[in-house]
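**Q** Whenever a hint applies, use it, and build me the whole structure from the sequences.
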Amino acid sequence: MGILNSVRPDLKKVLQHFFLMALFLLPATGFGQMRDTTYFNPLIDDITLRIPPLEDLIDSAVVHNPQIKYYEADIDAWRYRVKSASRVWMRNFYLEGYIQTDWWDATTNNTSNLGDNNIMYSFQNSYRGLGQLEIRLPMQDLWDRKNQMKTATKEIEKSMANKDNVILELRQKIITQYNQLIVNQKILKNANESVIAGAMNKEMGDKEFLNGQSTLYDLAYIMEMYRVAVYNYETSRNAFFNSYMILQELCGFKFNVINKIE
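Just so you know, we're using my numbering here: the sequence shown kicks off at 1 and counts up by one.
One should not assume that every hint holds.
[As the list claims (entries may be wrong)] In silico BS3-like cross-links for lysine-lysine, where the CA-CA straight-line distance does not exceed 27 Å:
(1) Lys173 <-> Lys189
(2) Lys163 <-> Lys254
(3) Lys150 <-> Lys83
Simulated from the structure, these hints should not be mistaken for laboratory data.
From a predicted model like this one, the values you see are computed outputs, not experimental measurements.
**A** Take a look at the structure:
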């Protein structure tokens with residue numbers, strides 16, 4: 001205020017109006033931005049702004065779905081069988097061989113009439129090797145090789161078709177559950193408004209009954225309407241959270257949204 005006292009009187013009123021406008025605008029700007037965005041209230045906030053987009057949810061569900069993982073593993077297994085079937089003819093080739101080594105030595109001592117000793121050493125080392133290639137071609141393997149490869153290939157096609165079918169059904173489930181979550185939030189908001197309106201009618205009905213302006217029947221009717229509104233609120237609240245948790249399970253990860261209704 002010392003600053004305002006030091007300025008001219010004509011500017012003082014302008015600055016006073018500026019400060020008053022700033023006080024009104026701060027709650028809608030600066031203070032509003034300080035709100036904890038990690039907190040989610042389904043009665044106020046929009047759930048579609050706090051969870052990933054629909055296509056991202058579908059992609060995540062496809063990645064984490066165990067049935068899709070099963071068919072992917074089955075496809076890989078049958079691909080290995082195709083390779084094995086293409087190489088089955090190699091089991092009819094046999095390669096045999098051996099290597100043998102012989103070593104022997106001898107020492108001879110001869111004595112002549114003159115008394116001389118003649119010592120003679122002799123040794124021999126020999127290697128022998130044998131190799132053999134044998135080919136056996138059963139007619140059954142020759143004729144059935146293509147059938148085995150075609151059978152394994154068809155199994156791959158079957159598993160791929162099953163996988164695509166699971167993905168299609170999963171997409172439909174995610175889309176349905178996503179839209180159901182949005183609808184359930186709208187129903188929850190309407191139910192909450194009905195409870196507020198019912199509470200106001202209940203309070204007014206109590207006053208009118210005490211003042212003799214309404215009958216006991218009117219008061220009972222208002223109380224019953226309020227009870228129905230509370231019941232519908234609890235039912236819609238459970239439906240919202242159930243659809244939220246089911247969507248999480250289908251997608252395979254947590255949305256990290258704080259679910260609390262005060």
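**Q** If a hint holds in the structure, say so; if it does not, say that too.
**A** Cross-check of the supplied hints:
no.: 1; hint: Lys173 <-> Lys189; in the structure: 24 Å, holds
no.: 2; hint: Lys163 <-> Lys254; in the structure: 24 Å, holds
no.: 3; hint: Lys150 <-> Lys83; in the structure: 11 Å, holds
Violation of the numbered hints given earlier is absent; every hint is satisfied by the structure.
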